[in-house]
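Novice: Okay, here's what each chain looks like letter by letter:
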Amino acid sequence: MADGIRFEKVSVAYGGNTVLDSLDLTVESGEVMALLGPSGSGKTTALRAVAGFVRPASGRVLIGDRDVTDLPPHRRGIGMVVQQYALFPHLRVEDNVAFGLKAQKVAKNEIPGRVTEALEMTGMASYAKRYPRELSGGQQQRVAIARALAIRPGVLLLDEPLSALDAQLRSGMLAELARLHRELPDVSILYVTHDQVEALTLADRIAVMDKARLQDVGTPQELYRRPRTEFTASFVGNANLLPVQVGSGSVSFAGAELKVPTGDVSSGVSATLCVRPHLVGLGDGPNALTGSVAEVQWRGSTHRLYVDVDGHRLKADLRELRTPPALGDEVTVHFAPEDAVLLSAGVSADG
Amino acid sequence: MASATLGARAGVRVKSRTEIPRWVWALPPVAVLGLVFLYPLALVVQQSVTPDTGGTSLQPYADVFASSAFREALGTTVWLAVGATVGCLVLGFALALVIAFVPFPGGKAVAKFIDVFLSFPSFLITLALLFVYGSVGMANGLWTDVTGAATGPFQFLATPWGVLLAEITYFTPFVMRPLLAAFSQIETAQLEVASSLGARPARIVRQVILPEALPALAAGGSLVLVMCLNEFGIVLFTGAKGVTTLPMLVYGKAILESDYPGACVVAVVNVLISVGLYGVYKVVSRRARA
Amino acid sequence: MLVHSRKGKWAAWVAFLVLFLPLFALPLLVIVAASFATSWSSAFPTGFTGGHYRAATSGASLQALTTSLVTAVSASVLALLIGTWAALAAAALKKGGRRVLDALFMLPVAVPSVVVGLAVLVAFSKPPVLLNGTRWIVILAHTILVTAFAYQSVSAAIVRLDPAYEQAAASLGARPSYVLWKVKLPLLLPSLNAAAGLCFALSMGELSATMMLYPPDWLPLPVQIYSTTDRGSLFTGSAISVVLMATTLLVLLLVSRIRTKASYR
Chain V
1 MADGIRFEKV SVAYGGNTVL DSLDLTVESG EVMALLGPSG SGKTTALRAV
51 AGFVRPASGR VLIGDRDVTD LPPHRRGIGM VVQQYALFPH LRVEDNVAFG
101 LKAQKVAKNE IPGRVTEALE MTGMASYAKR YPRELSGGQQ QRVAIARALA
151 IRPGVLLLDE PLSALDAQLR SGMLAELARL HRELPDVSIL YVTHDQVEAL
201 TLADRIAVMD KARLQDVGTP QELYRRPRTE FTASFVGNAN LLPVQVGSGS
251 VSFAGAELKV PTGDVSSGVS ATLCVRPHLV GLGDGPNALT GSVAEVQWRG
301 STHRLYVDVD GHRLKADLRE LRTPPALGDE VTVHFAPEDA VLLSAGVSAD
351 G
Chain G
1 MASATLGARA GVRVKSRTEI PRWVWALPPV AVLGLVFLYP LALVVQQSVT
51 PDTGGTSLQP YADVFASSAF REALGTTVWL AVGATVGCLV LGFALALVIA
101 FVPFPGGKAV AKFIDVFLSF PSFLITLALL FVYGSVGMAN GLWTDVTGAA
151 TGPFQFLATP WGVLLAEITY FTPFVMRPLL AAFSQIETAQ LEVASSLGAR
201 PARIVRQVIL PEALPALAAG GSLVLVMCLN EFGIVLFTGA KGVTTLPMLV
251 YGKAILESDY PGACVVAVVN VLISVGLYGV YKVVSRRARA
Chain F
1 MLVHSRKGKW AAWVAFLVLF LPLFALPLLV IVAASFATSW SSAFPTGFTG
51 GHYRAATSGA SLQALTTSLV TAVSASVLAL LIGTWAALAA AALKKGGRRV
101 LDALFMLPVA VPSVVVGLAV LVAFSKPPVL LNGTRWIVIL AHTILVTAFA
151 YQSVSAAIVR LDPAYEQAAA SLGARPSYVL WKVKLPLLLP SLNAAAGLCF
201 ALSMGELSAT MMLYPPDWLP LPVQIYSTTD RGSLFTGSAI SVVLMATTLL
251 VLLLVSRIRT KASYR
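Chains as they are written, first to last, in UniProt numbering: chain V, 1 to 351; chain G, 1 to 290; chain F, 1 to 265.
Treat the hints loosely; a few may be bogus.
Claimed, not checked - Mimicking DSS-like on lysine-lysine, the simulated pairs with C-alpha atoms at most 27 Å apart in a straight line are: (1) F:Lys-94 with F:Lys-184; (2) F:Lys-95 with F:Lys-182; (3) V:Lys-129 with V:Lys-102; (4) G:Lys-282 with F:Lys-94; (5) V:Lys-108 with F:Lys-95; (6) V:Lys-108 with V:Lys-129; (7) V:Lys-105 with F:Lys-184; (8) G:Lys-282 with F:Lys-95; (9) F:Lys-95 with F:Lys-184; (10) F:Lys-182 with V:Lys-105; (11) V:Lys-9 with V:Lys-211; (12) V:Lys-129 with F:Lys-184; (13) V:Lys-105 with V:Lys-129; (14) F:Lys-9 with V:Lys-102; (15) V:Lys-108 with F:Lys-182; (16) G:Lys-108 with F:Lys-9; (17) F:Lys-7 with G:Lys-108; (18) V:Lys-315 with V:Lys-259; (19) F:Lys-182 with V:Lys-129; (20) F:Lys-182 with V:Lys-102; (21) F:Lys-182 with F:Lys-94; (22) F:Lys-9 with G:Lys-112; (23) G:Lys-282 with G:Lys-112.
In case anyone wonders, no lab produced these hints; they're calculated from the structure.
Whenever a hint applies, use it, and build me the whole structure from the sequences.
Specialist: Here it is as structure tokens:
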């Protein structure tokens, strides 16, 4: 019953400006796929191509096994929730939720039941008679989700659904969305966001976009632990990106020999070494590096140290220090070989 | 999930139903407009080159352009319109400045009043001026009461100056409205920063407010210019034989003299001037919004 | 904000009042005062009478009031229908087509009303469509004149309408016609109301084209005011003017009440 989404070489251009470049991506049925990227990366354009609000210059968009490239939006059978909610201000909550059912000529006696069902699913049943303007932002967002779910779409498109909410509401809604997906395991969800926390929390897989192109796809764990490009490494989580020369079973950085798994990267080439700041430890250990403290930031539960090692700035997130080092102090930091990922320059160059 | 299974399956490209192209929907209103407005306008042009003697010639144009009445009317129309526009701009700018930047209780009511003022017909102003400055009106009455003279000094109502005063009065709100909208876009913080830096009000008006208001001034000014060129009610109510504008000439030739070719010639000239200026207004106001 | 000293503020306010009161408030007050006066030959009107209103609300003047009301309501309804249709159709077009429609429908604003009257007179004084001498020619001219304003305000409202509503409706499976009736038109209703009020007010005060066209049995209020004052009955003319202003204001007020009921945000 459920439908996946498939992009086949989808390109979108506005006035000669390519905003989505030959996207190939498959969202399996029942999967949550996050499209993660900075603004202008083409992620929203990709979502709007599925919804039918932008027309690809080339390529095909499939929902299930239907080619919907030439279908108008209202015949695609999708549910969509956008950042500004777009609840119809002249309709009560229940009529907003019933809108899609009435538009699709669902049998009259079936509508009240489906409306109640959708409102209960989002916890908004007791607000059925209110107008949107009488609801808070978070409540409006729940109604918008209920409205999209009421038509029982095979595909749900969420376009930055939480970015208009404040931080506290956002984490609550995140848990809510995760619960909804557990209750509706058949619905495929395409979730556009620029917030890595949302993507990491919610998605089965993340597609990282930048400069109109797909940069990387993988499960959150894969992307976080084994990023393949510098862009992924720095956009999904935080990263130290160190320029290194690859040897055999080790790399050299700033005159020091670091033992890291080099995999199939051939020796002698330049590459980038990615080390997560929270995996860097203070004091002596394996792969020790010495430098002077350039900056100390206290962040409550952690200290962020910036250490200059031979002109390269290294970030280290450390559990709160009793006595943090002073600026200019010589310190030694280290990281375990298995915590480093070598990004070969070749991969990062063609993105 | 029922909705998602609608439509053809098996990887075939689902054909979008043949829908009526969008431009078809524009045809009915355009057809109506063409029939009741554009076609009559075309007939006016046609009539203007069809003298009563028959045939097609530019003779009506030659006749009209040669007549001193037309040249006088053209001159009067243009200088009245330009004068009224300048007056409206100066007055409107000053009044809007006070409403927006020297706020006083009742300022909102004044802005409301201006909106109401705009919904009344123009000739009421002339009617009112008859009571204020007419030969036996308020101002002259006051003068004769005080000085004991037989007549008052205000005798300008039947002259172009009376029309000018009425037009400035009636059209100034048309300048004030876009100006007030533009002024509301200026952040008060900008003015406060400017005055904290030691700028006097005159300098703030010149260097901060005026540049922001310039597009609105240009747009409002060109709108008023067009409306003044086309104004009829004010001139008609003045009843002055000495003041003839192009619209008055059209009315006179058509209704009073039944000289349709002549009326049409004047009408074509008037339309060309007004539509040309209106085009300028649209360009300017589009830039004002950008 | 601009002037900080107390003295400067008062100077600005006094200057404002000195300009504003005589220019804008005085004319309307004078007309109201004159409508109650028996004579006005010195500084202030003398004698109080309601007689002018008796004249202004009976006989030919009453006839003119109903004529104006019927004309204004018919012209506004027609203009709103054509203007809204055209504005909606224009919004669906590409940029070039939209420009053409904008230009066509704004043209009646630029063309002098007198010329609109002349054009209608020239076109409909002969077969196949002979309207001259009937009330329809007046209503037609008014419709042409106010359609431009209806088109303009509805177009502006459509531009302001957030496309997210339309797209949300489409994503829920609503056909374009369903979106139009259930989403777009309800959301445009406040603007349609405002446009209706504008059209009504303009038509009530229309004099230029009407002077070219009116038949003897279809005399709207402005023409009645003109012929009354032209005969020298300035005071009765003032009373009829007050009736005209009051009627216009009353209708605008009613329309704005509907508007506040219909605005959702």
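Novice: With reference to the structure, classify each hint as holding or not holding.
Specialist: Results of checking the hints against the structure:
For a cut-off of 27 Å, the pair hint linking F:Lys-94 to F:Lys-184 stands: about 19 Å separates their Cα positions. Between F:Lys-95 and F:Lys-182 the CA atoms are separated by roughly 26 Å; this keeps the pair inside 27 Å, and the hint holds. Under the criterion of a C-alpha separation no larger than 27 Å, the hint pairing V:Lys-129 with V:Lys-102 is consistent with the structure, at around 17 Å. Note on G:Lys-282 and F:Lys-94: the hinted pairing holds, with a Cα-Cα distance of about 19 Å set against a maximum of 27 Å.
Among the hinted pairs, V:Lys-108 with F:Lys-95 is inconsistent with the structure: their alpha-carbon atoms are about 41 Å apart, more than 27 Å. Distance check on the hinted pair: V:Lys-108 and V:Lys-129 sit about 19 Å apart at the alpha-carbon level, within 27 Å; holds. Proximity of V:Lys-105 to F:Lys-184 is assessed by CA-CA distance (about 19 Å); at most 27 Å being required, the pair is judged to hold. A threshold of 27 Å between alpha carbons decides the hint, and for G:Lys-282 with F:Lys-95 the separation of about 16 Å falls inside it, so the pair holds.
Distance check on the hinted pair: F:Lys-95 and F:Lys-184 sit about 20 Å apart at the alpha-carbon level, within 27 Å; holds. At roughly 14 Å between alpha-carbon atoms, F:Lys-182 and V:Lys-105 fall within 27 Å of each other, so this suggested pair holds. For the hint pairing V:Lys-9 with V:Lys-211, the CA-to-CA distance comes to about 16 Å; that is within 27 Å, so the pair holds. At roughly 22 Å between alpha-carbon atoms, V:Lys-129 and F:Lys-184 fall within 27 Å of each other, so this suggested pair holds.
Between V:Lys-105 and V:Lys-129, the direct Cα distance comes to roughly 22 Å. Compliance with the 27 Å bound is thereby established for this hinted pair. Restraint check for F:Lys-9 and V:Lys-102: the C-alpha separation of about 60 Å exceeds 27 Å, so the hint is violated. With a C-alpha separation of about 17 Å, the suggested pair V:Lys-108 and F:Lys-182 falls inside the 27 Å cut-off, and the hint holds. Taking the CA atoms of G:Lys-108 and F:Lys-9, the gap is about 17 Å. The hint holds against a cut of 27 Å.
About 22 Å separates the Cα atoms of F:Lys-7 and G:Lys-108, which keeps this hinted pair within 27 Å; it holds. For the hint pairing V:Lys-315 with V:Lys-259, the CA-to-CA distance comes to about 19 Å; that is within 27 Å, so the pair holds. The hinted pair formed by F:Lys-182 and V:Lys-129 meets the criterion: a straight-line CA distance of about 18 Å does not exceed 27 Å. This hinted pair checks out: F:Lys-182 and V:Lys-102 have alpha carbons roughly 11 Å apart, not beyond 27 Å.
Between F:Lys-182 and F:Lys-94 the CA atoms are separated by roughly 24 Å; this keeps the pair inside 27 Å, and the hint holds. Restraint check: the Cα-Cα separation between F:Lys-9 and G:Lys-112 comes to about 22 Å, which is no more than 27 Å; the hinted pair holds. Only pairs whose Cα atoms come within 27 Å are accepted, and G:Lys-282 paired with G:Lys-112 is accepted, the gap being roughly 26 Å.
Hint compliance for this structure: hints 5, 14 are not met, and every other hint is.
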